[in-house]
Amino acid sequence: MNEITTDEFLIRAEAVRLRRSDDGGVVLIRDGREQSVGRITAAYPLTHPRRLVSLRDADGQEVGLLDNVKDLDADSRQIVRQELDRSYFMPRIMDVVDLREELNVVRWDVQTNKGPRTFLVRNVRRNVRRIGQRRFVIKDVDGNRYEIRDWITLPSAAQKLLEPYL
Amino acid sequence: MAFSENGETHTSVRRFEDLSARERASLSHVAGDQAIRAVVDSDLLPSGDYGDAQLLLLDRELLALEDGREARRIALSELRAASCRHFVGNGVLDLIARDGRRIEAIRYSKSRAEAFDQLAEQINATLETSAEEIEARREDAAKASGPAEDRPTYRCPNCGYPLRHASDACPKCTSTRQVMWRLMKLMRHHWKLALFGLLMSLLFTAFNLAPPLLIQQLVDNALRPVSDARTGGGAVSERMLAERWRYLAGIVAALGGVFLARSISAHLRIRALGTLGNRVLKDLRSCLYRTLQRLSLSYYDREHTGRIMARMLTDTRVVQRFVDRSAQQILVNMLTVVGIAVVLFAKNWKLAAIALLPTPIVLLLTKWFSVRFRSIFRAVRRKYANLSASINETISGMRVVKSFAQEDREIDSFDEKNLEEYDARTTAVTARSRFIPSLTFLTSLGVLAVWLIGGGWVLGGVLTVGWLIAYISYMNMFYNPVRQLLNLAEVFQESATGAERIFNVMDTPSDVTDHEQACDVSAVRGQIDIRNVSFTYDEGEYVLKDITLAIAPGEMIGLVGQTGSGKSTLVSLVARFYDPTKGCICLDGVDLRDMRMKALRSNIGMVLQDPFLFAGTIRDNIAYGRPGASEAEIIQAAKAANAHEFIMNLPDAYDTRVGERGVSLSGGEKQRVSIARAVLKDPPILILDEATSAVDTATEAIIQEAMDRLVHGRTTIAIAHRLSTLRNADRLIVLDAGEIIEQGTHDELIAAGGLYADLCDIQANFAKTLPADSMLRLSGRRR
Ligand SMILES: Nc1ncnc2c1ncn2[C@@H]1O[C@H](COP(=O)(O)OP(=O)(O)O)[C@@H](O)[C@H]1O
Ligand SMILES: [Mg+2]
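Protein chains in written order, with this note's numbering: chain P, 1 to 166; chain F, 167 to 949.
Hints should not be assumed to be uniformly reliable.
Calculated lysine-lysine pairs in the DSS-like style (CA-CA distance at most 27 Å, straight line) [unchecked claim]:
1) F/K309 - F/K748
2) F/K836 - P/K160
3) P/K160 - F/K583
4) F/K836 - F/K764
5) F/K533 - P/K160
6) F/K448 - F/K358
7) F/K549 - F/K533
8) F/K764 - F/K748
9) F/K448 - F/K351
Computed footprint of chain P on chain F, listed as stretches where at least three residues anywhere in the stretch have a Cβ under 8 Å from a Cβ of chain P [said to hold, decoys possible]:
10) 247–259
11) 271–278
12) 303–311
13) 724–734
Calculated from the structure, these hints are not laboratory results.
Virtual Cβ for every residue (Gly too), placed ideally from N, Cα, C.
Working from the sequences, and respecting the hints, build out all of it.
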C-alpha cells in the first residue's frame, strides 16, 4: 500500500559511526564513506528524544533517521547526545523554590539539573503543557523550555506551590 | 514583584558607557589596551549549565569570558563573518574564519537571542562583511539549526514586565491617574449626567445611613416605658401616652420617607450611571471602529483579529463596568465607611472601638482568602476551558471521529476532563463554604462584645438602649463596604489597563495617510509608472528591489513568478495599501501619495484569489463598490461575470443571503460574484491577483471568459499561476525574489529561454498528465 518503505529512510545505528570534525562539526561514517552532518534533531523530541533522530547534511537535506541512539557505539552516542541536547535544550526542574503571580505573569524560581534559574511564564494555560499523566513542559516568555519529568517526585513543598498551575 | 528574572543581568547589547563602574574596571582588565565596543551577557555555558558568560567586541579582538575567566580570544583580522544559529531553547553565535572554519564563540539561552543577533550584526558591520556573505551565512545557519521560531518578547523598559508587542501598554506601569483623567475627558459630553449620578450616589448613602439614627430616636424617646410617668396620675399618663403615640407615628413616617427617598435615589442613580456607562461604551466603540477603518493594512499584518476583537469588545466592557458600577461603588462604600465611623466615634469612642475591633482581622482574612480563591478559580477556569475546547473540537471534527470510529475514545477523554472540572469545582465550593461563614462568625464576635459591654453600660445608665441598637445596626452595615474597598486597587488597575489598551489603538498612527494638499483625481487615463520602487514590510529583507515599470493606458500586464517573489506586494503598492519604502509610483504622472486615497481606490478594481463576500445578499455584494447601482445594472454585471446563471438557480436568486448566516457558495461562484463587483464598479484600472487559482479548470474557463470581457479597455495587472491564463497579456513581467528579471511577450520570452520558458516547460509537462481536453485548452492558449 505504502510506496515508501521504512528501510529507505531508517539508518540502523549499529551500521554507522559518527565523529567530530576539526571545527566541531559532525561527520557520519557509513559503509566506509564519510558525510558531513549539519543538523541533528529528534523526530519526537518530547516523547522519544533518543529515537528516530533525523540527520541532515550541510544543505539541510535529510540523510536519514537514526533508529535508536542507544545502539550506537559509545563515542558516537556521546556526540549525538551532545548535539541533541543543544538542538532541543530543555533543563529539568528538580525543585521549585518560589512561584509568584502578578498580572497574569508567573515568575518561577527553580532549581534545574543545569543550575538555578528564574523565568517568567505568561498565559499558564497555553505555556504549561501536560504530557502524559505527570509530566509537564513549560515554555517561558522568551521561548525557553523546561521540563518537569514527574511532578510526584518533586519535594512536597514544590508540589504544593505547583498545584494551582498544573 | 520585579519582572526581571535575575536582578543583575542584562539582556541587551551594552556599550562601554552602559557598564557599571565595577564592570568597567574588571572588563578593562581583560581587554588590555583595547577599547570595549560592545558587551553581551550570556546565561549559559557551552556545557549547557547555567552560568555567567560574556562576549566582548574589542577594537581588534573578540573575547569570550566564562565565569569571569577568558575562554576564547579571536582576532578580528582572522574573521569573515558572524552569524547565529537558533536552536530550541538556546542558540550559538558562530564566527566564520577566513578559511571558512566555524568557531562557536558563545552559547546562550533564548532569553538572550535578541541581543546576540544584534551583536552578530554589529560584528559584521565592523568586519565590513558584504551583504551577500551575510545572507549566505544566514542561510547556512538556518540549514544547520532551523529557522528562528519565536518572536522576540518585548519588556517594559521600566519594570521588565513581558509585553507581546513593543507598543503595548505595560499593565504594571500604566499610570492609572493619567488614564483615568483621559477617561474623564471622554465623559465630558455627558457631564450633566455624571454629576447627577454622583449626586444621587451621595443622597443614597445619606439615606442609607439615616435609619439606625431614627430607630435610636424611636427606641429612646417613643418606646421608653411610660410606667414611671403613670404613677404620677391618670391624666398625665394619658397625655404622655398620646404624645408618645404622636412621636412614634412621626418617626415611623420619617422612616417611611427615608426608605422611599432611598429607593428613589437608588433608582435614579442606577439609571443615570447605567446610561452614562452605556454612552461611554458606545462612544468608545465608535471611536475605536473609526480608528480601525482609518488604519492601514500594515496594522492588520501586525495584529491578530482576536486581539483587535478583544479591544473592541472586552476592553470597552471593562471600562463600561468601571463607569457604571465600580466608580460609584467605590464612592458609596467610602462614604458609608467614613460616615459610620464618624457617627459611632462621635457618640461613644470606646464602644466604637469595640464595635470596629474585628476590622483588621476581617481585612486580613479577606485578603488571605482572596489569594486562595484566585488560584482555585483559576484552576476551575482552566479545567472548564479544557472541557469546552474538547467539546468544540469534537463537534467540529465529528466527521473525522465517526469515519475513524473513535466515538468511545472521545467519550473516555471527555469523561476524564469532565471529572477534573468537577473536582476543581468541588474544591471551590469547599473553600467558599468556609469563607463566608467564618467571616460572619468573626463579625458576630464583635456584635457579641458590643451586646455584652454596651449592654452593661445600658444597665449602668451610661448608654441608652436606642444607641446600643444603632451600634449593632451600623456594625452590620460596615463590613461589606470595607471588604469591597480592599479590592479597590485591583479594580482601578484592571479598568485603567483596559482603557489604556483602547487608547493605544486610538493613538496608533496610520502609515498610509492623505496629506493635506492631496488632490482628487477624476477621469483617470490609467498610465502607471513604477519608478525605482523598493519595499520592505517590517524593516527586514527587501521584498521588492528597485522595480521600474511603465504601464500604458489600456495595457494588460501579466505578472509571473514563483510564490513569494513579490507579485502580490507589487500590486498592493499600486493600490496604495502600503507606501513604497524607496522610489515612487505615479498614476497619470501624479505620485500616489499626492492623491486622495478615496479617489485613487475608486479608480481601481481588485479581484483577489480568495474572494471575500460580506454578510448580506448577493445583490449587496455586487453593489458593494457602487451602492446606487440599479437592479438591471447589477444583473448586467453578473451576466458579464458569468454569474447570472448560477445566481438564478438559487431559490432566492439575487436576494440570496451569503456569508456567515447565509448559503455557502463554492469558490468559483464567490469568485464570479467578486468579478461582478469589479465589473459594476467599472474602474479604469484593474488588478487580478490569482483570481482563478482556487478553482477547477472547467470553472476557470467560465471565469476566464468573464475576465477577458472585464479586462477589455482597462489598464490591467494580472497575476496568475497558470500561465495560460495570461494569454491575452500585452506584456509579461517575470519577477524573481523581488526583481524584474525578464519581460516581453510570451513568444519573446520563450525564445529567450529564461525562467519563464522553464516555468512554461514545467506546466506543459504537468499538462501531459492531464486529460486530453485540458491539454488542448492549454496549448490553444499558447497562440
Ligand atoms: N503582510 C506581510 N507582512 C510581512 N511579510 C509579507 C507580507 N506579505 C507578504 N510578505 C512576504 O513578502 C514576500 C513576497 O510575498 P508576496 O508578494 O505575497 O509574493 P507572491 O504574491 O509573489 O507569492 C514573501 O516572502 C512574503 O513572506
Ligand atoms: Mg500572491
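Each hint, compared with the structure:
1. F/K309 - F/K748: This hinted pair is violated, its Cα atoms lying about 31 Å apart.
2. F/K836 - P/K160: violated, 57 Å
3. P/K160 - F/K583: At roughly 22 Å apart (the allowed maximum being 27 Å), F/K583 and P/K160 satisfy the hint.
4. F/K836 - F/K764: holds, 25 Å
5. F/K533 - P/K160: Since the Cα atoms of F/K533 and P/K160 sit roughly 20 Å apart, the hinted pair holds (cutoff 27 Å).
6. F/K448 - F/K358: Given pair F/K448, F/K358 holds - Cα atoms ~18 Å apart, limit 27 Å.
7. F/K549 - F/K533: The given pair, whose Cα atoms are some 25 Å apart, holds under the 27 Å limit.
8. F/K764 - F/K748: Holds, at about 23 Å.
9. F/K448 - F/K351: Measuring from Cα to Cα gives roughly 15 Å; hence the hint holds.
10. 247–259: holds (count 5)
11. 271–278: That given contact holds, which follows from 4 residues of the segment 271–278 of chain F lying within Cβ reach (below 8 Å) of chain P.
12. 303–311: Result for this restraint: holds, n = 5.
13. 724–734: Violated - the segment 724–734 of chain F has 0 residues with a Cβ nearer than 8 Å to chain P, which falls short of three.
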